[in-house]
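So the chains spell out like this:
There are 2 protein chains.
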Amino acid sequence: LVRIAVDAMGGDHSPQVVVDGVNMLEQSEGIEVLLVGDPEAIDKCAPDGLRAEVVKSTQVVEGHDSPSFALKKKPDSSIAVGVNLVKQGRADGFVSMGNTGAVMASALFTWDRLPGISRPALTIMVPTHKQPTLLIDVGACVDCKPMQLVQFAIMGSVYAEEALGRTNPRVGLLSIGTEASKGNELVAETRPIMEAAPINFIGNVEGNQLSSGEVDVAVCDGFVGNSLLKFGEGLVETIFGFLFQYAKEEEIELDDHVKSMLWKSMARMDYTETGGAQLLGLQGACLIGHGRSSSKAVCNAIRTMANTTLHHVNDRIVQSLQKLEEQTN
Amino acid sequence: LVRIAVDAMGGDHSPQVVVDGVNMLEQSEGIEVLLVGDPEAIDKCAPDGLRAEVVKSTQVVEGHDSPSFALKKKPDSSIAVGVNLVKQGRADGFVSMGNTGAVMASALFTWDRLPGISRPALTIMVPTHKQPTLLIDVGACVDCKPMQLVQFAIMGSVYAEEALGRTNPRVGLLSIGTEASKGNELVAETRPIMEAAPINFIGNVEGNQLSSGEVDVAVCDGFVGNSLLKFGEGLVETIFGFLFQYAKEEEIELDDHVKSMLWKSMARMDYTETGGAQLLGLQGACLIGHGRSSSKAVCNAIRTMANTTLHHVNDRIVQSLQKLEEQTN
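For the protein sequence lines, the chains are A and B, in the order given. Numbered per my numbering, the first sequence finishes at 330, counting up by one with no gaps. Numbered per my numbering, the second sequence finishes at 330, counting up by one with no gaps.
It should be emphasised that the hints constitute simulated quantities derived from the structure, not laboratory data. One or more hints might be untrue.
[Said to hold, decoys possible] In silico SDA-like pairs for lysine to any residue, Cα to Cα no more than 20 Å straight-line: (1) 131/A to 243/B; (2) 265/A to 260/B; (3) 131/A to 250/B; (4) 249/B to 263/A; (5) 260/B to 248/A; (6) 260/A to 260/B; (7) 260/A to 265/B; (8) 260/B to 261/A; (9) 265/B to 248/A; (10) 260/B to 246/A; (11) 249/B to 256/A; (12) 131/B to 247/A; (13) 260/A to 241/B; (14) 57/B to 42/B; (15) 131/A to 247/B; (16) 131/A to 248/B; (17) 249/A to 267/B; (18) 260/B to 253/A; (19) 249/A to 131/B; (20) 265/A to 248/B; (21) 260/A to 248/B; (22) 265/A to 251/B.
[Unchecked claim] The following label-pair restraints were derived from C-beta to C-beta distances: (23) 74/A to 114/B: 51 to 57 Å; (24) 89/A to 260/B: 54 to 60 Å; (25) 186/A to 257/B: 49 to 55 Å; (26) 69/B to 132/A: 35 to 41 Å; (27) 329/B to 249/A: 48 to 54 Å; (28) 73/A to 329/B: 34 to 40 Å; (29) 110/B to 179/A: 21 to 27 Å; (30) 193/B to 14/A: 41 to 47 Å; (31) 186/A to 329/B: 21 to 27 Å; (32) 65/B to 89/A: 57 to 63 Å.
Bear in mind that the values here come from a model prediction, so they are computed numbers and not experimental data. Heads up, the beta-carbon is just placed ideally off N, CA and C, and yes, glycines get one too.
Please build the complete structure, drawing on both the sequences and the hints.
Right, dumping it as structure tokens:
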């Protein structure tokens, strides 16, 4: 049995969407949920019963709250309480559709780092025609040293294998050319250490390969990763904006089939549909989904988190780091 | 009168598309073209006459040739000859739909830097619902110092004003949050110099703002810019791939209107439709379009290049740099 703390108050349509997502879990999956939030509000959303134990919290972090404000002024938020449940050992992991920065700050503040980890990292899944690509880091560590990127590669590789079920995950180092000679100083210094690390390193990959499905894990510093993530979000909006704009301007009738095709494609570009953002490198695990997540996305996030904890991702990360240390010493 | 050298041999459908693009220019525009390439091949593409003088070259740089190979082994390529026409003062600027790396290498090798410029930079236009955003640098300078980013900002600002017709262009520094406190070390060190520079600096911008139309010029180092560029290309392919895949899987009939809507939107996402890549900071000007460019795109690229030279972009860049130097000394 695995026990997951879930933030009932995070997301655009909370707590309803979260409650519905929790209720979609099957008894046979062996996942026990601690649903953190306002008990009354939760009750109202579950007239036919709730497959979870409710843990009370009295404050809610809003989307516009800064991480430091949330940390200082809202110590009894659903995020803070959920993160603490993991710290206390009452839950194995935490899932939230709330404020990404606030969840990250709370986890970084509350949980210790894994032994050997220099800096934690945040991951997202980039959609491709095959399996999505795990991109690490997308904003936890903006100025990185080579060894930190190698640690990200190890964390990403273990996570891809254990939580996402990839066999011998292909790990690439993001650069601006696949040749070893191309890239910036950080890439040049990182590559030889990457080649020696206990991972399936396939070399440097370029930006377009993130969405080609050729690589399971792509590693970059948090400045580059966060820029890519936000640029991608803007680009997807722009494209679908153009599509609907042309349809309107030229008075093209979009029948329901075509509309459904557009919406489905747009949903596939939303990284939250494929697993949300995972913070790795801490003694605790958390998965942060998008505020717009559907109940199905909430349910999937809880399942992914259960896989993360079941397969002892953190133990394996620590083992791999020890192996790397032995090799490089 | 302005004289532009044009590479007849570059691009997927050369020389036909290039010849057609040149022939679309109106006599009244006052642009004289020196078309560089194989005279026989060019002649065959222009049975009804050519609005250009042909300059002979005997070699062609292929798309897969490395920049250093092209530079060493193909000294009489259409790229090398075109770049030399500018060096000799016979042309005011060079336009090519060929191998971007080879054009860049040839220009960097042949042309001197502008006085005061530490490193040249490559720009592209990012599509938005309003006017496209000029992104500088996308790969010419991968490890940047703060002063280099400020020089990019000045070059981008002058180019946006003179060649693209933007009034008092808004310049942003790419970061991972709009607050001054967010970003990496490079951003933190660059921002105060940016604020003192003779440009309309509006502060830090995030990746999604590149496609929002809120900013005319966005500045980043060439590693980040090149990663964004390639990631964007991959993402656009993925999205349209999903659209057509869903249509096929669910047997949705796409009528001609819907198809045209899809193709038009896809074309708008192609940065070459909005001007190609411009290399700035050298005593010479060149514009590099996509290999897939249409004859219309070729024609527009020649017009943009004519604007660049007509408005003395380089003179104004040098003046602004002197102003910055006076301010910071």
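Practice item. Please write out, lowest number first, the hints stated earlier that are contradicted by the structure. Key: Nothing - there is no hint that the structure violates, so all of them hold.
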